[in-house]
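Peer 1: Two chains, two separate frames, one set of hints: put the complex together.
Residue numbers (this note's numbering), protein chains in the order written: chain V, 1 to 266; chain L, 1001 to 1263.
Because the hints were derived from the structure by calculation, they are not lab data.
What you are looking at is a predicted structure, and each value in this text was computed from that prediction instead of being measured.
Idealized CB from N, CA, C, for every residue including glycine.
Don't take every hint at face value.
[As the list claims (entries may be wrong)] Here chain L is said to cover these stretches of chain V; the calculated rule only asks that three of the stretch's residues, wherever they fall, bring their Cβ under 8 Å from a Cβ of chain L:
1) 23-32
2) 49-61
3) 78-88
4) 134-140
5) 213-219
6) 239-251
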Amino acid sequence: MSPSPLRKWERFTFSERLARFAVFLGFAAALSISLRSVQIIPEFLYDAPTQVADLFSRMWPMDFAYYPAGIHDAMMETLHIATLGTLLAIVMAIPIGILGANNIVHFPLLNWLSKLILVSSRSVNSLVWALLFVAVFGPGPLAGTVCIGFRSIGFVGKLFAEALEEVDPGPIEALTASGAPWFSVFLKGYWPQAAPAFWGVFLFRWDINVRESAVIGLVGAGGIGMVLDTALNLFFWNRVSVILLSIFVVVILAELFVTAIRKRII
Amino acid sequence: MTADTAKNFGPAFKTNWYARAGWLAAFLYAAYAANYLDVSWIRFLRGLGNGAEFLAEMVPPNFSRWQLLVANLMETVEIAIIASAFGILFSLPVGLLAARNLMPLWITWPFRTFIALCRSFHPVIFAILFVKAVGFGPLAGILTLIFASIGFIGKLFTEAIEEISLKPLEALRASGAPFMSVIIYAVLPQVLNRFIGFSSYQLDANLRNSTMVGIVGAGGIGGTLFAAFQRFDYDFLAAILISIIALVMLSEFISTRIKKVFQ
Chain V
1 MSPSPLRKWE
11 RFTFSERLAR
21 FAVFLGFAAA
31 LSISLRSVQI
41 IPEFLYDAPT
51 QVADLFSRMW
61 PMDFAYYPAG
71 IHDAMMETLH
81 IATLGTLLAI
91 VMAIPIGILG
101 ANNIVHFPLL
111 NWLSKLILVS
121 SRSVNSLVWA
131 LLFVAVFGPG
141 PLAGTVCIGF
151 RSIGFVGKLF
161 AEALEEVDPG
171 PIEALTASGA
181 PWFSVFLKGY
191 WPQAAPAFWG
201 VFLFRWDINV
211 RESAVIGLVG
221 AGGIGMVLDT
231 ALNLFFWNRV
241 SVILLSIFVV
251 VILAELFVTA
261 IRKRII
Chain L
1001 MTADTAKNFG
1011 PAFKTNWYAR
1021 AGWLAAFLYA
1031 AYAANYLDVS
1041 WIRFLRGLGN
1051 GAEFLAEMVP
1061 PNFSRWQLLV
1071 ANLMETVEIA
1081 IIASAFGILF
1091 SLPVGLLAAR
1101 NLMPLWITWP
1111 FRTFIALCRS
1121 FHPVIFAILF
1131 VKAVGFGPLA
1141 GILTLIFASI
1151 GFIGKLFTEA
1161 IEEISLKPLE
1171 ALRASGAPFM
1181 SVIIYAVLPQ
1191 VLNRFIGFSS
1201 YQLDANLRNS
1211 TMVGIVGAGG
1221 IGGTLFAAFQ
1231 RFDYDFLAAI
1241 LISIIALVML
1251 SEFISTRIKK
1261 VFQ
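This is chain L alone, in the form it adopts within the complex (with noise of 0.2 Å):
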C-alpha cells in the first residue's frame, strides 16, 4: 500500500460548530433568564442557610398523630381508586367515539376538542373549579381526576385504535355483523391489552396527584400537608412527606406485579 492510495478524510469526529452554538446559545439564554426572574447566587446561598434551619426541624419526624394520617392517607387512596374506576369506565367510550378510522369527523372532532381540553388544564386548575362547583371535600378531587384520567387515558386509547389493523373490521362488517359486534370483537381484543397497561399507568398516576388535590381543598392528605406548612409544623410535615413517598413506593411495586401480570 502506498501513501497516494490513503485518502485524507480529515479528522474522525469533525467538530460541531452548530451543537456548540446552541450550547452557548443556552448558556447565554440561562444567563438572560436568571436575571430575568432576579434569581442570583447570593440569594441562592442565603437560601440554603435557611433549607439547612428547614431540614434541622424536619427531623425527628412526628408520628404522633399517626391516626390522622392513617386516615386522611386512606381518604387519598379511596378519591384514586373512585377515580380510576370512573375515569377508566367513561375513557373507554370517549377513546372509541374520538379514533378517525372508526367514526365520522363530525362525531370525532367533538370528542378531540374534550380530550385536548381536559389534557391541557394542570389537574389543579380542574380541582379549583371543582371545588367551587361541589364545595370542599373529596367529591371535588374526585371529579377532578375523573377529567385528569379521560385526558391522559383517552388520548393514548385513540391513538392505539387509530394504529389497528382495519382487516378484522371488513371481515366482521362483510359478514354483516352489526356495529357492537365489530368494536367488540374486530377493535377491542387487539387494543384491551395497551388499553389495561394505561389504565393501570393512570391508577399510579392518580395517587400522585391525589396527594396534591387537597392543597386547593379537594380532599386528601394534601389538605393536612398545607395546613402543617402553614402552621410551621415541620416535624409533621417531615411524617407526611415521608408517608407520602411510602405510599407512591408501594404502588409503584404493586402496579409492576399487576403489569406482569397481564403481559
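Only chain V is shown next, with the shape it has when bound in the complex (with noise of 0.2 Å):
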C-alpha cells in the first residue's frame, strides 16, 4: 500500500506553531502597550536635529593638546585596571567555577550555591557594581578594579564550569585508576581539556572589560570614565571629542591585539 499522494507534510507540528504565533503576539502586545505607556516628550525629538548639530559644532575642533597633559595617564590607569580587574576575575572564577561543574563536585547544593554566585554577578550591571564598590573603598581605581573583577565572575565563571563539564572522561579515569591524587588529577586531567577554552575566555573578557573599565570612571572608580564626566561637567565638548577618540582607539586596538593572540593560540 503506497501513502497516499495527497498527503500534506508540514514543518512544524500544530502545537509548534501555536506557540511560535503566541511569542510573535505576546511580543507585539507588549510593544504596543509599551509605546502607548513610555513618556515621550515629542517636542525633543523635532528638536534633536538641531540639539545634534549644536553638539558637533562644540566638540569641533577637537583640543588634542588635551591629550599628553590629562587623557594619557587616565587611559593607561583604564587599561591597568581592566587587565588587573580581568586577573582578579580569574583568580575568584576558577574556585566557583570547578565548584559549579556538576562532573567534578557531586554535591547538588554547591553546584547551586556557585550558579547563584555567576548570575547575580552577571545580572548586576558593571555600572551599578562600580557604584557599590565606590562606597565600600571610596571612589579610585581600586573601587574599579574591584569591580571588574566582581562583574566578571559570572561571565569567566560560567564558561569555565561549561568548558569542565564538556571535558573527555578517559584521561581522569586513567588517572584515578592509577592512584594520582586530585590535585593532579585536576592539573593533568581536566585542566588541559579547559585551558584553551578558558584562555579564550580570558582574552574575550579582557576585551570587554576594557570598554566597561572606561566609563565605570562616571561614578567615581577610576580611569578615563572620571576624566569624561570632569570635561562634561564642564562643558569642555572639545575635550570630549578627544577622549571618545581615544577611546575608541583603545577599543579597537584592544580587539586586534585579541584577535590575534586568539588567532596564534587557538
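Peer 2: Following this line, the structure appears as C-alpha cells:
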C-alpha cells in the first residue's frame, strides 16, 4: 500500500506553530502597550537635529593638546584596571567554576550555590557594581578594579564551568585508576582539556573589560571615565570629543590585539 | 620483553617552562599594576570595614516606596522592549547590507564601519550623547539601546549571512528571480533561526542595560538607583537591587522558554 499522494507534509506540528505564534503575539502586545505608556515628549525629538548639530559644532575643533596633559595617564590607568580586574576575576572564577561543574563536584547544593554567585555577578550591571564598590572603597582605581573583577566572575566562571563539564572522562579515569591525588587529577586531567577554552574566555573578557573600565569612572571608579565626567560637567565638549576618540582607538586596538593572539594560540 | 626494548620517553608530564614563565609574568604584572593603581592590602582591609557597615545599612530592604519601584521597573521594561523591537527591525537590513557575499564593497564598507562604531562605545557613552541630543527621559535610553542592538545583532547577523551556502542563491538567480525574492527565499531561510536567537539574546541584554542608562539620566530605574545612592538611602537601594536581580532572572527564564519554542 503506497502512501496517499494527497498527504500533507508540514515542517512544524500544530502546537509548535501555536507556540511560535504566541511568542510573536506576546511580543507585539508588549510592544504596543509599551509604546502607549512610555512617556516621550515629542518636542524633544523634533528638536534633536538642532541639538546634535550644536553638539558637533561644540566638539569641533578637537582639543588635541589635552591628550598628553590629561588623558594619557588616565587611559593607562583604565588599561591597568581592565587587566588587573580580569586577573582578579580569574583568581575568583576558577574555584567557583570548579564548584559549578557537576562532573567534578557532586554536591547539588554546592553547584547551585556557585550558579547563584555567577548569576548575581552577571545580572548586576558593571556601573551598579562600580557604585557599590565606590561606596565601599571610596572613589579611585581600587573600586574600579574590584568592580571589574566581580562583574567578570559570572562570565568567566560560567564558561569555565561549561568547559569543565565537556571534558572527556577518559584521561580522568586513567589518572584516578593510577591513584593520582585529586589535585593532580585536576591539573593533568581536567585543566589541559579546559585550558584553551579558558584562555579564549579570558581574552574575550579582557576585551569587554577595556570597554567597561572606560565608563565606570563616570561614577568615580577611576580611569578615563573620571576625566570624561569632569569634561562633561564643565561642558568642555572639544575635550569630550578627544576623549571619545581615544577610547574608540584603544577599544579597536584591544580588539585587534585579542584577535591576533586568539589566532596564534587557538 | 627485555630491558633494552623499553624506550625512555622521559617523564610522563614534561615541565612546561613557557606556562610557568607566563604565570610568573602575570604575577609580576599584577604586583606592578597594583602598585601603579595604589591598590594595597591596607586600603582593601579598610574598605572591608566600610563594606560591612554598608551591608548593615542595607538590611532590611525598604520596600515602602514600592509604587515608585514598580513604575520605574515598568519604564525599564518598556525601554527594553521598544529598543529591542526597533533595534531588531533596523539590524535586519543593516546586516544584509554589510554582508560581503551579497553586496559590493562600496555598500558593505560604510555599513561595516557603522556596526563597528555602534559596538565600540559602551551604551553609557551613547546614553550621555543622546541625553544631550533629546533631553532627559526614556527616549534617550531607547535610542541608546537601539544603537547597541544594531551593533550586536548587526555584527553576528552579518557573520551568519557570510557563512551561508550560495547554491540556492545561484539557483534562484539562474531562474531569473528578482533581488528581493533571492533575499526572501534563499538568504533568510538559512539565517532566520540564528537571527531570532541573537534577537532574543539582545532583548535580554537590553533589559540589563536599561537598568543602567538611567544613571546618566536616560530613563528607567537607574535614575532612582543613583539618587538613592547619593542620598545614602541604602535600604531603599537594597530594595532596588533585589528587584533588578529578580527582573533579570525572570527575563532569563522567559528567554530560555522562548529559545525552546524556536529550536
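Peer 1: Now tell me if each hint is right for this structure.
Peer 2: Now the hints, each set against the structure:
1. Counting residues of the region 23-32 of chain V whose CB falls under 8 Å from any CB of chain L gives 4; the rule of at least 3 is met.
2. Given as covered by chain L, the region 49-61 of chain V passes the check, having 3 residues with a CB less than 8 Å from a CB of that chain where 3 are the minimum.
3. Residue count for the region 78-88 of chain V with a Cβ under 8 Å from a Cβ of chain L: 5. That meets the three needed, and the coverage hint holds.
4. Only residues whose beta carbon comes within less than 8 Å of a beta carbon in chain L count, and the region 134-140 of chain V has 5; three or more means the coverage holds.
5. With a threshold of 8 Å between beta carbons, the proposed coverage of the region 213-219 of chain V by chain L holds, since 4 of its residues qualify and at least three are required.
6. With 4 residues carrying a beta carbon less than 8 Å from a beta carbon of chain L, the region 239-251 of chain V meets the three-residue requirement, and the given coverage holds.
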